[in-house]
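Peer 1: So the sequences go chain by chain: A, B, C and D. Start counting the first sequence at 247; every next residue gets the next number (the working numbering). Start counting the second sequence at 247; every next residue gets the next number (the working numbering). Start counting the third sequence at 247; every next residue gets the next number (the working numbering). Start counting the fourth sequence at 247; every next residue gets the next number (the working numbering).
Worth flagging that the hints you see were computed from the coordinates, not collected in a lab. Be careful, since some hints might not be right.
Copies of the same chain look alike in the list, so a pair counts if it fits in one copy or across any two.
[To be verified] List time: in silico DSSO-like cross-link candidates among lysine-lysine, alpha-carbon distance up to 27 Å:
1) Lys289 to Lys348
2) Lys363 to Lys319
3) Lys305 to Lys348
4) Lys325 to Lys363
5) Lys363 to Lys352
4 protein chains.
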Amino acid sequence: MPFTYQRTVHFADTDAAGVVFFANYLAICHEAYEEALAAAGIKLSEFFRDNGIVIPVSKCEAEYLRPLLCGDKVRVSIKPRALAENSFEIAYELTRLGPPDKGAAKVRTEHVCIDSKTRARSPLPDALAQWVRSG
Amino acid sequence: MPFTYQRTVHFADTDAAGVVFFANYLAICHEAYEEALAAAGIKLSEFFRDNGIVIPVSKCEAEYLRPLLCGDKVRVSIKPRALAENSFEIAYELTRLGPPDKGAAKVRTEHVCIDSKTRARSPLPDALAQWVRSG
Amino acid sequence: MPFTYQRTVHFADTDAAGVVFFANYLAICHEAYEEALAAAGIKLSEFFRDNGIVIPVSKCEAEYLRPLLCGDKVRVSIKPRALAENSFEIAYELTRLGPPDKGAAKVRTEHVCIDSKTRARSPLPDALAQWVRSG
Amino acid sequence: MPFTYQRTVHFADTDAAGVVFFANYLAICHEAYEEALAAAGIKLSEFFRDNGIVIPVSKCEAEYLRPLLCGDKVRVSIKPRALAENSFEIAYELTRLGPPDKGAAKVRTEHVCIDSKTRARSPLPDALAQWVRSG
Numbered sequence: 247m248p249f250t251y252q253r254t255v256h257f258a259d260t261d262a263a264g265v266v267f268f269a270n271y272l273a274i275c276h277e278a279y280e281e282a283l284a285a286a287g288i289k290l291s292e293f294f295r296d297n298g299i300v301i302p303v304s305k306c307e308a309e310y311l312r313p314l315l316c317g318d319k320v321r322v323s324i325k326p327r328a329l330a331e332n333s334f335e336i337a338y339e340l341t342r343l344g345p346p347d348k349g350a351a352k353v354r355t356e357h358v359c360i361d362s363k364t365r366a367r368s369p370l371p372d373a374l375a376q377w378v379r380s381g
Numbered sequence: 247m248p249f250t251y252q253r254t255v256h257f258a259d260t261d262a263a264g265v266v267f268f269a270n271y272l273a274i275c276h277e278a279y280e281e282a283l284a285a286a287g288i289k290l291s292e293f294f295r296d297n298g299i300v301i302p303v304s305k306c307e308a309e310y311l312r313p314l315l316c317g318d319k320v321r322v323s324i325k326p327r328a329l330a331e332n333s334f335e336i337a338y339e340l341t342r343l344g345p346p347d348k349g350a351a352k353v354r355t356e357h358v359c360i361d362s363k364t365r366a367r368s369p370l371p372d373a374l375a376q377w378v379r380s381g
Numbered sequence: 247m248p249f250t251y252q253r254t255v256h257f258a259d260t261d262a263a264g265v266v267f268f269a270n271y272l273a274i275c276h277e278a279y280e281e282a283l284a285a286a287g288i289k290l291s292e293f294f295r296d297n298g299i300v301i302p303v304s305k306c307e308a309e310y311l312r313p314l315l316c317g318d319k320v321r322v323s324i325k326p327r328a329l330a331e332n333s334f335e336i337a338y339e340l341t342r343l344g345p346p347d348k349g350a351a352k353v354r355t356e357h358v359c360i361d362s363k364t365r366a367r368s369p370l371p372d373a374l375a376q377w378v379r380s381g
Numbered sequence: 247m248p249f250t251y252q253r254t255v256h257f258a259d260t261d262a263a264g265v266v267f268f269a270n271y272l273a274i275c276h277e278a279y280e281e282a283l284a285a286a287g288i289k290l291s292e293f294f295r296d297n298g299i300v301i302p303v304s305k306c307e308a309e310y311l312r313p314l315l316c317g318d319k320v321r322v323s324i325k326p327r328a329l330a331e332n333s334f335e336i337a338y339e340l341t342r343l344g345p346p347d348k349g350a351a352k353v354r355t356e357h358v359c360i361d362s363k364t365r366a367r368s369p370l371p372d373a374l375a376q377w378v379r380s381g
């Protein structure tokens, strides 16, 4: 079973077309990633800052299926998969909760672990590698 | 008892100083306002768009007491109070959950109900006026 | 010659890792799109709201090449291309200005013109179709 | 003459009411602050991160006078003033450019210089103190 994260669409997520701004779908996916890491025991305030090792998003792609309005409930399912010793991808499915539930978007991100000074690739930290394998 | 809203600080809320960007405290307060309205039965997708009547924030002020880090849990308490037939204020208290709990910010917003075409003041819609009175 | 847009990286664009949050690269690209449309004589306040016809982003993808810091100067070049009577794509190249200049990201968005009520596909408005052809 | 900063309202600044989200006025003011510091020779990527000394916003207030739409041109004037050896305030005026020009908002921020570890107050760095005096 993939990890899932649920939240309500906020007014600040929306734009003048009345729906969630396209880039904010990606921010919502990142929230799901954060919650999944926290649930795996990883301390976010340490993980998401530059402490010598950083694991930035190296690629992302999104396919938008339905608009989301302020107040809508969204569920994000999240599935990590290893790509190499120092990289992994995450597949996200966003569902607008109903009834009936409706697919809202499919998103994919790739992440690469690097030394923040040299930019050289570096193996994933153990706790992260374990979370990726658990996906 | 004031309405309270709780959420986790997200990575997207933070800035390069490592803590929540000052303007994002206000966005978090607005989320609490939205949740309070939804709990009072107000449909957010209708309420927060221009349907002839709009109720923009006319003033805000914030006092920052403590930084918030990615992963921190924040509780926002929210207390509305009528100012006039067509305006109200909301007092928010943000608490970083511990233990020990610590005050993180105090925020106040003022809201004025206006006709979106003429910009003339207009009485609060009934459901909103009732929510304000309940504060 | 593609249209180019230049701006400075703001503090609000960054996150606790000290660099621009990945989703904000897409927001910067959208700014370039807006500037290109404005330069083509399209009125943005009309274009980017729901007036019966909307032209949402239907897909996007990004490849991140280099981090961007607060204060960095970024140039975005933007090239539209028609995909069908009712859709088009835009290719963006983000360059961190030096010297030396360095590629910062490559982004692609797809846009589909639809009737906002029925969600049926609709031909691009003339001014937009002309801008796409000019790319 | 106060320092002024001008920029176009972006789609990402707006919300589902069709106008700039109230918290984003503050982010636009911060951009003006950044530009003023850069014009005074301060390196932003160093200044706005935690390097032992941080200078967070300790208070802010805003009065909203007019809505801002996507594509609007906004000019921000910015005037700093010393409050103490370790703190200062900034007054901002936002003008929607016309013709005719119209006041859009008045904003004030307070900033306190502190040691990021001990949270004890610390004198303003020289370059910043000089910029504040020049206001």
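Peer 1: All hints, please: hold or fail.
Peer 2: Consistency of the hints with the structure:
For the homomeric pair Lys289 and Lys348, the shortest alpha-carbon distance between copies (20 Å) is at most 27 Å, but the shortest distance inside one copy (33 Å) is not. For the homomeric pair Lys363 and Lys319, the shortest alpha-carbon distance between copies (21 Å) is at most 27 Å, but the shortest distance inside one copy (40 Å) is not. In this assembly of identical chains, the alpha carbons of Lys305 and Lys348 lie at most 27 Å apart whether taken from the same copy (26 Å) or from different copies (18 Å). Proximity of Lys325 and Lys363 under a CA criterion of 27 Å is satisfied in neither setting, with 30 Å inside one chain copy and 34 Å between copies.
Proximity of Lys363 to Lys352 under the C-alpha cut-off of 27 Å is restricted to the inter-copy arrangement: shortest distance 23 Å between copies versus 33 Å within a copy.
This entry does not satisfy hint 4, going by the numbered hints stated previously; all others are met.
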